[in-house]
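Chain A is already provided as a structure; the job is to place chain B with the ligands on it using the hints.
Chain by chain, the residues run as shown.
Protein chains: 2
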Amino acid sequence: VKRVLVTGGCGFIGSHLIDKLMEKGYDVLCVDNLFSGTKENIMKWFGKPRFEFVRHDITQPLFVEVDEIYHLACPASPVFYQNNPIKTIKTCVIGTMNMLGLAKRVNARILLASTSEVYGDPDIHPQKETYWGHVNPIGIRSCYDEGKRMAETLMFDYHRFNGVNIAVARIFNTYGPRMLENDGRVGEAVTIYGDGSQSRSFCYIDDQVRGLISLMESDQTGPINIGNPEEYTIKQLAVAIQKLVKQKFPNASPPD
Amino acid sequence: VKRVLVTGGCGFIGSHLIDKLMEKGYDVLCVDNLFSGTKENIMKWFGKPRFEFVRHDITQPLFVEVDEIYHLACPASPVFYQNNPIKTIKTCVIGTMNMLGLAKRVNARILLASTSEVYGDPDIHPQKETYWGHVNPIGIRSCYDEGKRMAETLMFDYHRFNGVNIAVARIFNTYGPRMLENDGRVGEAVTIYGDGSQSRSFCYIDDQVRGLISLMESDQTGPINIGNPEEYTIKQLAVAIQKLVKQKFPNASPPD
Ligand SMILES: NC(=O)c1ccc[n+]([C@@H]2O[C@H](COP(=O)([O-])OP(=O)(O)OC[C@H]3O[C@@H](n4cnc5c(N)ncnc54)[C@H](O)[C@@H]3O)[C@@H](O)[C@H]2O)c1
Ligand SMILES: NC(=O)c1ccc[n+]([C@@H]2O[C@H](COP(=O)([O-])OP(=O)(O)OC[C@H]3O[C@@H](n4cnc5c(N)ncnc54)[C@H](O)[C@@H]3O)[C@@H](O)[C@H]2O)c1
Ligand SMILES: O=c1ccn([C@@H]2O[C@H](COP(=O)(O)OP(=O)(O)O)[C@@H](O)[C@H]2O)c(=O)[nH]1
Ligand SMILES: O=c1ccn([C@@H]2O[C@H](COP(=O)(O)OP(=O)(O)O)[C@@H](O)[C@H]2O)c(=O)[nH]1
Ligand SMILES: O=c1ccn([C@@H]2O[C@H](COP(=O)(O)OP(=O)(O)O)[C@@H](O)[C@H]2O)c(=O)[nH]1
Ligand SMILES: O=c1ccn([C@@H]2O[C@H](COP(=O)(O)OP(=O)(O)O)[C@@H](O)[C@H]2O)c(=O)[nH]1
Numbered sequence: 140v141k142r143v144l145v146t147g148g149c150g151f152i153g154s155h156l157i158d159k160l161m162e163k164g165y166d167v168l169c170v171d172n173l174f175s176g177t178k179e180n181i182m183k184w185f186g187k188p189r190f191e192f193v194r195h196d197i198t199q200p201l202f203v204e205v206d207e208i209y210h211l212a213c214p215a216s217p218v219f220y221q222n223n224p225i226k227t228i229k230t231c232v233i234g235t236m237n238m239l240g241l242a243k244r245v246n247a248r249i250l251l252a253s254t255s256e257v258y259g260d261p262d263i264h265p266q267k268e269t270y271w272g273h274v275n276p277i278g279i280r281s282c283y284d285e286g287k288r289m290a291e292t293l294m295f296d297y298h299r300f301n302g303v304n305i306a307v308a309r310i311f312n313t314y315g316p317r318m319l320e321n322d323g324r325v326g327e328a329v330t331i332y333g334d335g336s337q338s339r340s341f342c343y344i345d346d347q348v349r350g351l352i353s354l355m356e357s358d359q360t361g362p363i364n365i366g367n368p369e370e371y372t373i374k375q376l377a378v379a380i381q382k383l384v385k386q387k388f389p390n391a392s393p394p395d
Numbered sequence: 140v141k142r143v144l145v146t147g148g149c150g151f152i153g154s155h156l157i158d159k160l161m162e163k164g165y166d167v168l169c170v171d172n173l174f175s176g177t178k179e180n181i182m183k184w185f186g187k188p189r190f191e192f193v194r195h196d197i198t199q200p201l202f203v204e205v206d207e208i209y210h211l212a213c214p215a216s217p218v219f220y221q222n223n224p225i226k227t228i229k230t231c232v233i234g235t236m237n238m239l240g241l242a243k244r245v246n247a248r249i250l251l252a253s254t255s256e257v258y259g260d261p262d263i264h265p266q267k268e269t270y271w272g273h274v275n276p277i278g279i280r281s282c283y284d285e286g287k288r289m290a291e292t293l294m295f296d297y298h299r300f301n302g303v304n305i306a307v308a309r310i311f312n313t314y315g316p317r318m319l320e321n322d323g324r325v326g327e328a329v330t331i332y333g334d335g336s337q338s339r340s341f342c343y344i345d346d347q348v349r350g351l352i353s354l355m356e357s358d359q360t361g362p363i364n365i366g367n368p369e370e371y372t373i374k375q376l377a378v379a380i381q382k383l384v385k386q387k388f389p390n391a392s393p394p395d
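Here the protein sequences come in this chain order: A and B. Its first residue numbered 140, the first sequence is counted upward by one per residue in the working numbering. Its first residue numbered 140, the second sequence is counted upward by one per residue in the working numbering.
Everything labelled a hint here was simulated from the structure, so no lab data went into it.
For chains that are exact copies, the list does not tell them apart, and a pair is met inside one copy or across any two.
Mimicking BS3-like on lysine-lysine, the simulated pairs with C-alpha atoms at most 30 angstroms apart in a straight line are:
#1 229 <-> 243
#2 226 <-> 178
#3 163 <-> 243
#4 226 <-> 243
Isolated chain A (complex conformation) (with noise of 0.2 angstroms):
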């Protein structure tokens, strides 16, 4: 049986992940410190001889034999990964380093959740793997944005140097079920910064992790960006929003 480590495996992206590779009947162990996940996401789990929970923080070295590696442990939203942005770099940075390391001693592949954020505030619609990205490096979203930027840096120097197999994944913005509800907006009105004319992609969940396991199965070391190739406004969003609970927009002209 294929034994599987999933970085991460509490959050979002993470425990619908574990579902599914749980459902192809692979050997799933859990890394988790519970920053921002929780252990409702994989209750489901426990108890199961297939499934494994360890607390445990990625920016202190990890010792376990496994073949393939997941690593998606990083706060994703800015009210997370800004709460204290020295440790979203160790998590970052070290903690990918970490787990290159582990990758490097029981051979195992390995695959990064990137983020599109390594293009930053892009000059190019939509972006392709091969652009380089506009990112500020010292503003109050670079841990996140640099810190992702240098993780896939340390992926392909191990690849390179180490000979590590690597998969990056650019993963776009996802929603679904789980999803972090306490990141400061909940209770409040919706509102559209701007005319609303700024584009975002939306992918579903049960696409995602499609994507990413399809990746992993794949000789790919990547980037490839995963995401719903549709962009769609903010407005628009804010439009399909209104009509679901026809609620005011009291701080924005409202949507034509």
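For chain B with the ligands alone, coordinates are given in the frame of chain A:
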């Protein structure tokens, strides 16, 4: 007497900086692992009571009592920094984190020797400090370019989050005595890659050191570019060298 730590003090820029700081009457602590620097560069200060050399690798914690930190330790030329890219990343990231932890503990002002390479392969000339750069996150130069960007991110996050007193200098190409010669190009004929129209600026070491000390003794955080404001093409440089040494250019069309 002001107690000043210089990391990378056995290197090209660091050793000239130490000369100046010693002349100014400060108490100087030079920390270096001698990866690319040599003791010859600082030999003249051995035995002087205001000077001390500590052989130490900054990827390991350092506990000393100082008032100012000039943080220069890092291999600077591709031959050295690509020799072990993962070590280069550790020096940039973990090394800078250790020096920031030290600065925080002893309440010292810390200056980072960053680089014009944070601008990467720039789309605009000349580069202002507000330019975010154009850097490949996953190439063979990324360990240095992204390493220095992450070092800057850490500086600003320690500043914002822990109140550390910081200064970031983005150093442009600097030349002068004690420049590293063993970077793989000595003894080879001068060649021009491409048509030689690519440009660089070249700053004399004494001017660079003056810039670094001025920045340290100001109250600015930076980032501040330090270099010669005039750019020259590689062809102009080759012609200047040709005039000086009357050397042949076997691998390139001779400059007209
Ligand atoms: N959700 C998205 O739209 C999105 C978009 C781009 C990239 N990503 C990436 O996907 C991954 C998962 O994101 P998510 O949305 O599931 O976020 P999440 O916050 O729900 O999950 C992250 C998990 O990592 C854990 N974690 C954080 N720091 C840790 C540490 N030092 N040691 C051990 N565990 C730690 C958290 O406790 C949490 O369970 C992240 O790497 C994120 O950057 C997500
Ligand atoms: N020379 C330039 O034109 C230039 C341009 C831009 C930036 N810089 C920056 O200025 C600084 C000094 O550059 P330089 O040209 O003097 O290079 P250098 O190689 O001559 O000096 C770097 C010094 O750091 C030491 N060092 C490297 N890794 C270390 C570690 N882990 N622990 C302790 N010491 C370590 C080396 O032994 C060496 O003495 C570097 O940070 C470099 O990135 C230089
Ligand atoms: O099974 C392992 C092997 C290594 N590491 C950590 O991974 C990092 C990088 O390891 P590597 O062997 O690449 O380099 P090192 O820094 O040990 O030379 C180190 O901090 C190790 O402690 C780990 O956590 N688990
Ligand atoms: O209440 C909100 C929250 C976000 N946005 C906009 O929606 C986009 C996505 O913002 P978010 O911070 O959620 O994510 P990211 O910028 O990281 O994609 C941005 O252009 C925001 O300006 C908005 O108009 N109203
Ligand atoms: O005088 C000091 C104080 C701290 N550090 C190192 O600097 C890093 C960052 O220290 P900080 O206090 O910011 O954070 P910590 O990681 O200890 O929470 C740590 O690895 C410390 O070992 C150091 O080398 N010298
Ligand atoms: O023998 C050489 C070495 C460099 N260059 C050019 O000079 C510039 C500076 O190259 P280097 O690698 O020294 O430094 P960097 O690109 O980091 O400034 C680049 O455009 C090179 O293509 C050249 O024409 N001949």
